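Colleague: Listed below are the residues making up each chain.
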Amino acid sequence: MIELRDIAINAGEFSLSGISFRVETGHFAVLMGRTGRGKTTLLEVICGLRMPSSGSVLIHGKDVTRWSPADRQIGYVPQDLALFPMTNVAGHLEFALVRRRLPRRQINERVSELAQLLGIEHLLKRSVKGLSGGEAQRVAIGRALSFKPHVLLLDEPLSALDDATRNDMQTLLRTVKENTGVTTLHVTHNRAEADVLADTLLTLNDGVVSSQDRTKVE
Amino acid sequence: MSASPPSADLGRDFRRRHRSDAPFFLIMGGLSAGYVLLIVLLIAADLMFTSVAEFTAALAKPEIQQAIYLTLLTCTLAAIASQWVGVAMGYVLSRYRFPGRWLVDTLIDIPIVLPPLVLGLSLLILFHLPIGGWVLEDWLRDDVNFPVTYCWPAVVLAQFSVSCAFAVRTMRVTFDQINPRAEEVARTLGCSRGQAFFHVALPQAWRGVVAATTIAWARALGEFGPILVFAGATRMKTEVLSTTVFLELSIGNLDAAVAVSLLMVAMAVVVLMFLRFVGAGLTS
Numbered sequence: 001m002i003e004l005r006d007i008a009i010n011a012g013e014f015s016l017s018g019i020s021f022r023v024e025t026g027h028f029a030v031l032m033g034r035t036g037r038g039k040t041t042l043l044e045v046i047c048g049l050r051m052p053s054s055g056s057v058l059i060h061g062k063d064v065t066r067w068s069p070a071d072r073q074i075g076y077v078p079q080d081l082a083l084f085p086m087t088n089v090a091g092h093l094e095f096a097l098v099r100r101r102l103p104r105r106q107i108n109e110r111v112s113e114l115a116q117l118l119g120i121e122h123l124l125k126r127s128v129k130g131l132s133g134g135e136a137q138r139v140a141i142g143r144a145l146s147f148k149p150h151v152l153l154l155d156e157p158l159s160a161l162d163d164a165t166r167n168d169m170q171t172l173l174r175t176v177k178e179n180t181g182v183t184t185l186h187v188t189h190n191r192a193e194a195d196v197l198a199d200t201l202l203t204l205n206d207g208v209v210s211s212q213d214r215t216k217v218e
Numbered sequence: 001m002s003a004s005p006p007s008a009d010l011g012r013d014f015r016r017r018h019r020s021d022a023p024f025f026l027i028m029g030g031l032s033a034g035y036v037l038l039i040v041l042l043i044a045a046d047l048m049f050t051s052v053a054e055f056t057a058a059l060a061k062p063e064i065q066q067a068i069y070l071t072l073l074t075c076t077l078a079a080i081a082s083q084w085v086g087v088a089m090g091y092v093l094s095r096y097r098f099p100g101r102w103l104v105d106t107l108i109d110i111p112i113v114l115p116p117l118v119l120g121l122s123l124l125i126l127f128h129l130p131i132g133g134w135v136l137e138d139w140l141r142d143d144v145n146f147p148v149t150y151c152w153p154a155v156v157l158a159q160f161s162v163s164c165a166f167a168v169r170t171m172r173v174t175f176d177q178i179n180p181r182a183e184e185v186a187r188t189l190g191c192s193r194g195q196a197f198f199h200v201a202l203p204q205a206w207r208g209v210v211a212a213t214t215i216a217w218a219r220a221l222g223e224f225g226p227i228l229v230f231a232g233a234t235r236m237k238t239e240v241l242s243t244t245v246f247l248e249l250s251i252g253n254l255d256a257a258v259a260v261s262l263l264m265v266a267m268a269v270v271v272l273m274f275l276r277f278v279g280a281g282l283t284s
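Protein sequence lines correspond, in order, to chains A and B. The first sequence begins at 1 in the numbering used here and counts up one residue at a time. The second sequence begins at 1 in the numbering used here and counts up one residue at a time.
This is chain B alone, in the form it adopts within the complex (with noise of 0.2 Å):
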């Protein structure tokens, strides 16, 4: 009559299997460590190519140092005027519904996915575009006495085209995490829409904004292909390190384009340090 405790067909069945996890953690760190290991030895092979005679040599020519020079100054402006897009642009799309905001949230994803190359192109023909007889760069260049064209402003425009929209993404998620509410308990308090985000909602978003920042100046670090056709690649006058690698590639001085590769990979895990330290969670 009593029926069975529920545990008693299953407990029938009670033995050991012997099913091991190895095969598991095999597939799983096999694929990990082989791509670990490609990044490895990409910069192994790097690093004994060169010799540190011939990286100093490299960064003693003067064309490299102006390079160098202007990848800072470039990479900067573009950065810092991504952050303060990306803050303004991101805290919009985080708190307001209105209409076409979809249509602006797949706009900012363009720059991303558009092929470098024409995104170059299109700046190039923006800058050049008569409209009714007026060309942008005519008039930059003759009346406000700013050529972009082929000069160092287009590095930065093309850096910041592209820069920009990872500091946009990257606000947004930032403001995404902050709860709206205190900035409108902020408003009962006697403050502005605009009190309320420079008192209350900025504060709150630091990491973020750093994070965004140093997100930017990383991708105007890499950027090549639109900074090639809308600044050229001309020495000492719009040459960055990226073109520089691509220079010195193309004229066959190996030797030159590793260091300065080198050099690049120096930046770039320097940024990516930074960028554990102050953004964890935010980042990862």
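If we strip away everything but chain A, and leave its shape as in the complex, we get (with noise of 0.2 Å):
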């Protein structure tokens, strides 16, 4: 479960205040808005790369407002993904593994699975330079849930993408959600996306953000 409290931020070119909004567990929340309102300043707060002036965030009922983002599980997906560009692909899938101290064995288990979860698996020797934006794409969503994150941010992951890839990430997501059941928010201006995908659509509109459970109106 991901919950803001009254979070305010203050980030000199704009300011938003009084931001309060949940996803339940499971969940695929979707929050929309225009472009310049905001959206990726409430994910690095969510994920503790930005201290809100106040308010606070709890992650599964646990407040961590003032945790580092090393400690918060947050898998994080910024919009120009910012894959490592000396690191291959694999490199990417056990970053966050090897970090951990986990055993070699189990570190190879987790990358072959999320390599065949996300249809990488011919990449993984692969250099990063020369993906498409697609594969680009697939290896930051891996990177990210590598370490089975309690939670997972998406900050516009398909607005690059052409119409046939965007389809097809689409249904990863939709794949991704139900083999892992992960708690997502997702960030986007297109409503199209936000109708295929969203559990939880919310909108943030002149600084308030208003919510709409799509499980229960459906």
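If you are wondering where the hints come from, they were derived from the structure by calculation, not from laboratory data. If you're wondering where the values come from, they're calculated on a predicted model, not measured in any experiment. One or more hints might be untrue.
Listed next, with one range per pair, are the computed distances between beta-carbon atoms [claimed, not checked]:
#: 1; chain 1: A; residue 1: E113; chain 2: B; residue 2: Q195; range: 23 to 29 Å
#: 2; chain 1: A; residue 1: S112; chain 2: B; residue 2: A88; range: 36 to 42 Å
#: 3; chain 1: B; residue 1: V36; chain 2: A; residue 2: D163; range: 53 to 59 Å
#: 4; chain 1: B; residue 1: G100; chain 2: A; residue 2: S17; range: 26 to 32 Å
#: 5; chain 1: A; residue 1: Q116; chain 2: B; residue 2: Q195; range: 25 to 31 Å
#: 6; chain 1: B; residue 1: V118; chain 2: A; residue 2: M51; range: 42 to 48 Å
#: 7; chain 1: B; residue 1: D109; chain 2: A; residue 2: S210; range: 48 to 54 Å
We treat Cβ as the ideally placed atom computed from N, Cα and C, and that holds for glycine.
From these two lone chains plus the hints, build me the complex, please.
Modeller: Here's what the structure looks like:
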């Protein structure tokens, strides 16, 4: 579960205040709002890369507002993906596991499990430099899912993709949701994406987040 | 009624003008060629002045051999120290906003713009200024048993003071070009800031690190003014190649001065070639 309580952010160019919402465990929430309204900033607050000026962030009921990003167990896929240029695809999938000092056998099992889920088994030995948009996207999602996070945050993951790849990725995100059950917060400004994916639809408008539970509506 | 197409007016003036590009290329090329020619002539004159026999004779002198050894040693120490400080400071300046950052940013440039003799003099004064009866040089010499002024460590410190500024600048540019988002993602994956730096930022910066070290080394090689003031020019003790040129010149031994100069030119060319090979794009 992700819960924001009365979050205020002062980011210089804009400020948000009184932001509260909640995403139930296992839900796929889509946060919509126009560009430049602070959606990315909210994700940064949730994963701990930015300190809110007030309010609290709760993950599975635990107040993590003052925790470091490393301790929060949140998988984060930024809009520009930020893959590590010096690391190959397999290196991305095992990065978090190596940091957690898991035994090699366990790491290898997890890497092949993820590669299978994301359909990137044939890319494991490849450098990330030559990957297509869709492939890079899968690697970034794999990296974020590798350590079985409590929560997955996706920042406009489909915005830079062509239509065919976008459909593939939507299917993939639904597969990931069914297979892992990870609580997901997906930021987009695309209505169609929200319609296909969302259990919970959050809308950021004029500094207020309104929430709609679509599992109950349908 | 019908308006003429917009191209009609322009088309009426359609004729071949004989405007040559030759003057442009002549001026641009001429100015550039003049400077290139100056550099080539400088080296050519040195080469014509000396002979292989004179060159080998100069390099066989024990003082000069000792100077070569000391140059290699001090330049390498200064370059390694500059590399460490450059990486740390370049990263901090590139990634963090803190009060007084602009001041630090300006201070780094001081060793670059300061007249070399002034830098040497400042080092000398720093080490010999009594602070409440306590003098840094006396303390280093008597208590730590590590005298600096007029000894080889002074050479390293004089070289480091200038070359480090260049290393910091190079590393700053390097880290500015690396996406900080990757380090942020690494932190969500379980890295501390230190681990994100070592596992994500530093591997991407390796070209910059090599370039910064090489530039620092080359700067240290060419350093003369601060060394002369702070380390002196004692043969077999604090004599580096730039000092050798000065010493040989001052006793009228032009042949040896030119031979050592050529050796330094050769070293500089090797460094430049290496930089081109490693840091294409970064140093241009």
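Colleague: A separate judgement is required for each hint: does it hold in the structure or not?
Modeller: Tested hints:
no.: 1; hint: E113/A x Q195/B: 23 to 29 Å; verdict: 25 Å, holds
no.: 2; hint: S112/A x A88/B: 36 to 42 Å; verdict: 39 Å, holds
no.: 3; hint: V36/B x D163/A: 53 to 59 Å; verdict: 54 Å, holds
no.: 4; hint: G100/B x S17/A: 26 to 32 Å; verdict: 30 Å, holds
no.: 5; hint: Q116/A x Q195/B: 25 to 31 Å; verdict: 29 Å, holds
no.: 6; hint: V118/B x M51/A: 42 to 48 Å; verdict: 45 Å, holds
no.: 7; hint: D109/B x S210/A: 48 to 54 Å; verdict: 53 Å, holds
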